[in-house]
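Peer 1: Next come the chains, spelled out residue by residue.
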Amino acid sequence: MAVRRGDPNILAFVCSWHPLTAADNAGEDGCRYSPRTTIVPVECAGRVTVAAILRALLNGVDGILVAACGRGDCHYSNGNESCEKVVEEAREIMRIAGLAPERLGFDLSSDVDGAHFASLVSDFAGGVSKLNGRSGNARAPAKKRRAGGGTGGKRRAGKRTTGKRGKAAVTRSGAKRKPTAKKKPAVKRKLAAGKKPAARKKPAARKRPAARKRPAAKKRPTEKRRVAKTRSKSRTKPAAKTRSTKRASRK
Amino acid sequence: MLEETIQRTKAYYCLECGICTGSCPVSRYHPDFSPRLMVERALLRPDGPSLDDREVWSCLTCGTCSARCPSLVDYNEFTRATRVAARAEGTAGIDTHAGTMIAFMELQTNAAGERDLSWIAADVRTSRKGKVLFFTGCLPYFGVVFRDYGVDTVGMANSTIRLMNAAGVRPVVSCGERCCGHDPYWTGDARTMKTLARRNLEMIKESGAQKVVFACPECYVMFKLVYPKYFGVLGFDVAHVTEFLAPRVAAGKLRFAEREGVVTYHDPCRLGRYAGVYDEPRELLAAVPGLELVEMPRARAEALCCGSSAWVSCTRVNKQIQLERLAEAADTGASTLVTGCPKCNIHLACAAKDGDLEKKIEIKFVTDVMAEALGS
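Each protein sequence line maps, in turn, to chains A and B.
Under the working numbering, the first sequence has 336 at position 198, and the numbering climbs by one with no breaks.
Under the working numbering, the second sequence has 124 at position 119, and the numbering climbs by one with no breaks.
The shape of chain A in the complex, shown without the other chains (with noise of 0.2 Å):
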C-alpha cells in the first residue's frame, strides 16, 4: 500500500482559498514533497472539527495537516482563527491520550507559492516520520504520480513501489534530500494544460488567489471551461434558446 516503506500517512485539510491555490502551485510547478499525502480541500479551515481529526486519527493516519489563510486574511472573517482553537483542543486531547501532538500540523498562511506548500509538507512529513520511527521522507515523488500530490488513489500509488524505490525506502540515512529542481515535462504539460498562466502574487484579502485552477467539485469552471461547456451545448441542441434570447424573442 506504502508509496514507500517509511513515508507517513498523511491527510491535510487544506482551506480551499489561500492554501489551496499554493497547493495547486505545487502540483503546477511540479514541487515535490511527500507522496502519501492526501489533501482534503474544506471550504474554510473552520469547518474541521476536532472529530475529524481524531477520527483521521482513529483510522490510521500518521499525520494530520491543517493548513489555514493567513491572520486577518480569511475569507469568512475568523475561520482561520476559530481552527487555531480546534486544532489546540485537538492536540490537547492527542496528548491525554497519548498521541505525539506534533501529529498534527498547523499552517496559518497567506502564501499562495508552491514552494511554501511543499516545504510545509515536506517538513511535517519529516517530523512525523521521525514520531514513526522510520528513516527520513521527503524524497522525490513516485514517477507517474501528479507531483501535486492531490487524492490519488493509494493503491494506484502502491503498484509502483517496486524495484528501486523499494530499496531507497529502507536507507537509515534519514537524510533528506532536497526536492531538485529538474521537473518531469510530461507531467507539467498535462497539467498546464488548459489553465491560463496567471501571475503568482499574493493575492488581496478577501478576494480568492489566482484563478488557475479549481477543483471540479466547486462547480466553478474556469473561463476556458465553460466556454467550451457551451460550445458542446450548442452542437447537440442547436435550437436551445438561453433565457435571456427567449427573452427577446417574445418582444
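Note that these hints are calculated values from the structure, not bench results.
Mixed in with the good hints, there may be bad ones.
Derived coverage of chain B by chain A (criterion: at least 3 residues anywhere in the stretch with Cβ under 8 Å from a Cβ of chain A; other residues may be distant) [what the hints assert, rightly or not]:
id, segment
1, 102-110
2, 113-122
3, 231-245
Virtual Cβ for every residue (Gly too), placed ideally from N, Cα, C.
We have chain A already, so just place chain B on it with the hints.
Peer 2: Chain B alone, transformed into the frame defined by chain A:
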C-alpha cells in the same frame, strides 16, 4: 431482532397505562416523544418502530419510566436495542459538541497510546501497585473540552484522590486506562464498548487491584451492571467514591473543618436509579459540620434527570429540563447544588451559563465540596 428485544425488555407486558410518558422529562417539553408510543409501535407494527425516527435518539435513558412502570418494562434497554438496530440501518443521532466526545472515545479503542497522567496534582499521592485502583474515566478529556464552561473535571479527579489519600489510601492510577464505553454503549455501539471494556479489564487484571473506585457513576454502572453481562464475573470489587468514603467517614478516618452553607443534592440517574446509591453521598455531606443539606421535592428515585446523556441529541428540550432542575434547586434556598456525577455537573453548568443562573446557584461535584472541607 425486534422480537428478541420485546421479549428481553418485557415490552409485551405493556398495559398502555401511560405512566412512562407522564413521567418522562422529555415528553413534558417535547410532545412528539412518547415512550408509550414507541413501545406500542414496536408491539403493533410488524416491521417495528421506525428506525429513522429522530425520537429514537431523544430518550435520556434516565430510567424514570422504568422505575415507575407497573409492568416492569425495561424501557432503557428497549431504547438501547432500538438504537443498535437503527445504527445497523445506517442512521445515527446528532452528536453534541460536533462529535468530539464520541470521537475521543472511539480513538481509545486502538489509536491511543499510553494515557498522559500529568494532570495529577503535585500534592496527591498515587502508587504503581496496590489493592485500590482509581478509574479516572474521561475526566481529563472533559477538562480540555469544558474549560470554557467553568467546569474543572481534572480538579474533580484530583479532589477524589485527595479524599482517598486522606482516608489513608494511595490508589493506583493507570496509564493503560481507556474510556469505559458508556456513551458508545448507550448510543447503540456495543462493539466500541466491548473493545474498550476488554482493554480496561486487562489493565485492571495486570494491576492486580482488588477494588476499583470511580468518580463518574457512568463508569461505575458500566463496571457494575454492563461488563458482567458481557464478560462474566469481573474478579474485583467496584465502588463509587461516595460508597468508598462513607464507611471511612463514619469510622472517623476523615475529619472535616466547619463549613457554613446550605446545599442540596442532585441524584444522578446512573448512581441513583441504576446503582441504587442514594444514602452515601448524603452521609458524606452530613459529615461536614455546619453544612446544611436540604432536599429538592424530587429527590432519590424521583429525581429529575440532568437533561442530557451519551453526548447525543442536545436540543431546546434538554435545556428546558436542565433549567427546570436548576429552578427546583434554587427554590430550596440552597446556594450550592451538589452532584454525584461529573457529567450532571457539566450539563447543569452549561444550562446555568445559558440561563444566566450562575450567580443564583453554584454547581459542584461532591468530592470537590468534601475535599474543600477537609480539615487541614
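Peer 1: Please go over all the hints and tell whether each is borne out by the structure.
Peer 2: Against the structure, the hints:
1. 102-110: holds (count 6)
2. 113-122: The restraint on the segment 113-122 of chain B holds, since 9 of its residues have a Cβ under 8 Å from chain A and three suffice.
3. 231-245: It is violated, with 0 qualifying residues against the three required.
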